[in-house]
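Novice: As they're listed, the protein sequences go chains F and B. The first sequence begins at 161 in the numbering used here and counts up by one. The second sequence begins at 8 in the numbering used here and counts up by one.
Just so you know, these hints were derived from the structure itself, not from any lab. Given the structure is predicted, the values throughout are model-derived calculations rather than measurements. Just so you know, even glycine gets a beta-carbon here, dropped at the ideal spot from N, CA and C.
Some chain B residues flagged as far from chain F (calculated, every beta-carbon gap over 12 Å):
#1 Thr-66
#2 Phe-79
#3 Phe-101
#4 Ala-105
#5 Leu-108
#6 Gly-178
#7 Trp-182
#8 Leu-231
#9 Pro-232
#10 Gly-266
#11 Arg-308
Calculated lysine-lysine pairs in the DSBU-like style (CA-CA distance at most 35 Å, straight line):
#12 B:Lys-311 with F:Lys-290
#13 B:Lys-209 with F:Lys-450
#14 F:Lys-317 with F:Lys-290
#15 F:Lys-349 with B:Lys-209
#16 F:Lys-349 with F:Lys-450
#17 B:Lys-311 with F:Lys-450
#18 F:Lys-409 with F:Lys-317
#19 F:Lys-450 with F:Lys-290
#20 F:Lys-349 with F:Lys-290
#21 F:Lys-368 with F:Lys-290
#22 B:Lys-209 with B:Lys-311
#23 B:Lys-67 with F:Lys-409
#24 F:Lys-317 with B:Lys-67
#25 F:Lys-349 with B:Lys-311
#26 F:Lys-349 with F:Lys-368
#27 F:Lys-450 with F:Lys-409
#28 F:Lys-409 with F:Lys-246
#29 F:Lys-450 with F:Lys-368
In silico negatives: residues of chain F with every beta carbon more than 12 Å from chain B:
#30 Lys-246
#31 Asn-323
#32 Pro-376
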Amino acid sequence: MTVVLTAKDSAASSRPGHGAQPPSARRRTGRGRPFDEVPRWQIYLPLGVYLLFTLIPFYWMLLFAVRPAGSTSPVPWPMTGEHFSKVWNERSFAVFFQNSMIVGVATLIATTLVALAGGYALARFDFRIKGAFMLALLCSQFIPGALMLVPLFEIFKNLQMINSLGSVVIAETVFQLPLSIILISGFIKNVPVTLEEAAWVDGCSRLKAFRAVVLPLLRPGLIAVGSFAFVHSWNHFLFALMFLSEQDKQTIPVGLNTLIGADSVDLGALAAGGVIAAVPVVIVFAFIQKWLITGFSAGAVKG
Amino acid sequence: MAPSAAVATPPPKAPRRRTASPRRLPYLLIAPAGLLMLGFIAYPVISVFYYSLRHYNVTKPWRNGFAGLDNFTRIFTEDDQFWPTLGFSAQWVFTQVALQLALGLALALIVNQSFIGRGISRAMVFSPWAVSGVLTSTIWILLYNSSTGFSRYLADAGIGEYGTSVLSDTGTVFWAATVSELWRGVPFFAILILADLQSVSKELYEAASVDGAGRLRQFFHITLPHLRDAIVLATLLRGVWEFNNVDLLYTLTGGGPAGETTTLPLYVANTGIEGHDFGYASALTTVAFVILLFCSILYLRLSKFGGDRK
Numbered sequence: 161m162t163v164v165l166t167a168k169d170s171a172a173s174s175r176p177g178h179g180a181q182p183p184s185a186r187r188r189t190g191r192g193r194p195f196d197e198v199p200r201w202q203i204y205l206p207l208g209v210y211l212l213f214t215l216i217p218f219y220w221m222l223l224f225a226v227r228p229a230g231s232t233s234p235v236p237w238p239m240t241g242e243h244f245s246k247v248w249n250e251r252s253f254a255v256f257f258q259n260s261m262i263v264g265v266a267t268l269i270a271t272t273l274v275a276l277a278g279g280y281a282l283a284r285f286d287f288r289i290k291g292a293f294m295l296a297l298l299c300s301q302f303i304p305g306a307l308m309l310v311p312l313f314e315i316f317k318n319l320q321m322i323n324s325l326g327s328v329v330i331a332e333t334v335f336q337l338p339l340s341i342i343l344i345s346g347f348i349k350n351v352p353v354t355l356e357e358a359a360w361v362d363g364c365s366r367l368k369a370f371r372a373v374v375l376p377l378l379r380p381g382l383i384a385v386g387s388f389a390f391v392h393s394w395n396h397f398l399f400a401l402m403f404l405s406e407q408d409k410q411t412i413p414v415g416l417n418t419l420i421g422a423d424s425v426d427l428g429a430l431a432a433g434g435v436i437a438a439v440p441v442v443i444v445f446a447f448i449q450k451w452l453i454t455g456f457s458a459g460a461v462k463g
Numbered sequence: 008m009a010p011s012a013a014v015a016t017p018p019p020k021a022p023r024r025r026t027a028s029p030r031r032l033p034y035l036l037i038a039p040a041g042l043l044m045l046g047f048i049a050y051p052v053i054s055v056f057y058y059s060l061r062h063y064n065v066t067k068p069w070r071n072g073f074a075g076l077d078n079f080t081r082i083f084t085e086d087d088q089f090w091p092t093l094g095f096s097a098q099w100v101f102t103q104v105a106l107q108l109a110l111g112l113a114l115a116l117i118v119n120q121s122f123i124g125r126g127i128s129r130a131m132v133f134s135p136w137a138v139s140g141v142l143t144s145t146i147w148i149l150l151y152n153s154s155t156g157f158s159r160y161l162a163d164a165g166i167g168e169y170g171t172s173v174l175s176d177t178g179t180v181f182w183a184a185t186v187s188e189l190w191r192g193v194p195f196f197a198i199l200i201l202a203d204l205q206s207v208s209k210e211l212y213e214a215a216s217v218d219g220a221g222r223l224r225q226f227f228h229i230t231l232p233h234l235r236d237a238i239v240l241a242t243l244l245r246g247v248w249e250f251n252n253v254d255l256l257y258t259l260t261g262g263g264p265a266g267e268t269t270t271l272p273l274y275v276a277n278t279g280i281e282g283h284d285f286g287y288a289s290a291l292t293t294v295a296f297v298i299l300l301f302c303s304i305l306y307l308r309l310s311k312f313g314g315d316r317k
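Whole structure, please, built from the sequences with the hints as guidance.
Specialist: Written as structure tokens, this is what we have:
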């Protein structure tokens with residue numbers, strides 16, 4: 161079929177139908193999309209280089225963690241578990257791991273629940289202090305958490321929460337909240353309000369309609385926000401360093417830092433500690449990275 | 008709890024409009040977040056401003072009391088560490104944001120294509136995003152270690168020298184720290200940009216391609232304008248973050264060698280926590296906050312964020 165493509169046609173039809181492709185595009189329709197076909201080497205070459213940059217450091221840490229002390233072999237063989245048992249038992253990483261898990265899960269739950277309530281209010285209501293609340297959320301992003309350590313320390317001292325994991329959970333939750341609320345309200349805005357209204361007409365209460373209609377559609381967003389909160393609190397270092405002075409209350413990043421600061425650095429132990437610190441977040445990340453991208457495209461960028 | 012209030016007064020008979028719900032509901036819903044932020048963000052911020060006007064040093068309690076603007080004059084006239092740390096902060100933030108944006112954009116464009124192994128490649132190149140500052144330091148300390156690190160194998164291959172640690176040399180420490188921060192910072196940009204890339208209408212590219220626009224022109228006329236707001240937001244957030252965050256430099260270099268890698272927040276942390284001079288640290292904090300706020304507003308103005316776009 162030959163199509164005479166006039167200037168008017170090409171301007172009018174922004175979406176060429178199957179038969180209406182110009183000859184040059186038609187030649188390549190055999191595989192995939194005809195328009196932005198990229199030569200394969202332009203994908204694989206830079207990607208390969210970047211993959212090396214990403215993976216060599218991980219490999220290096222694994223290597224130090226499993227090869228015997230004093231070895232300089234570039235391959236992880238023969239393998240030993242001595243470094244792991246050392247940091248896990250002698251360097252109390254078993255305790256640190258448990259503390260980090262408690263902080264991470266508690267922060268995840270608290271952040272998600274509080275942000276869900278706040279995000280729903282922002283997405284579905286007009287109220288007098290809405291503008292002020294939004295402004296406060298945005299402004300709080302510019303406040304350096306590290307620089308608020310002194311007053312936060314005093315607050316927790318007055319609340320008698322120094323050396324309690326609760327202080328770290330509260331601090332982590334508070335600093336996760338602004339971004340989480342903004343993200344969640346973005347997700348909720350994307351759920352058409354007519355869906356909810358239909359459920360109200362059917363006799364559902366607001367809460368029931370929310371649970372039955374909105375919540376299921378929010379799942380990817382909530383996973384993104386929750387895992388964000390978990391990963392952040394698992395990783396964050398300064399609050400735990402400042403508010404928890406007893407060793408059996410410390411979290412993994414603080415434990416790692418004491419290994420770095422040791423007089424004669426035991427690289428094997430440091431690497432094994434690093435692997436223990438990395439495993440949970442990398443597992444969480446592997447599961448959520450797909451949702452993370454959809455989560456951001458739904459919430460952050462449009463919201 | 009807020010939701011139970013909604014159950015207590017359901018609007019079963021007149022559920023036609025949103026306004027039929029109780030007036031108080033939105034306030035109840037934002038109450039938990041609002042109270043937490045008042046108590047643990049607003050109050051500490053006000054305390055910092057208040058402390059900045061006082062002499063407040065745990066080790067010199069006899070001097071404590073109202074100081075007026077003493078702390079601020081000290082910053083600008085007596086302190087010979089303030090300007091160098093501010094300069095390093097600017098250099099650090101600018102380098103990080105520029106390189107993270109360039110690499111993150113390139114990476115996002117690559118993994119947005121369809122190719123074999125895309126899913127697993129994405130998971131792998133994004134994975135350092137989940138890694139903390141302390142863990143990044145750990146990993147790169149192992150790599151940079153002068154006797155058993157990667158440099159040894161490079162030296163064996165004839166690149167570089169034996170026995171020099173890039174972290175203790177003032178000539179190399181900046182780039183050594185920069186590379187390790189890039190390692191975990193680029194995925195942040197790539198994820199945000201990729202998220203926005205997926206909402207570009209494919210029809211636009213089809214139309215452009217039909218009109219004979221090459222890939223380069225498509226990038227500059229379709230992709231980049233579409234990404235503008237996402238890029239402005241990501242660079243701003245990341246800039247603030249890179250300015251404020253002390254985890255990596257604190258553990259990787261400790262601000263050294265010879266104060267070469269001390270950012271302003273790191274200096275504040277040292278003054279306040281190790282030097283116990285809370286009053287002066289609070290004044291430094293206030294100055295940092297004002298600078299950050301000023302730069303952010305200027306940046307949003309200049310970039311015309313949220314303005315018209317085609």
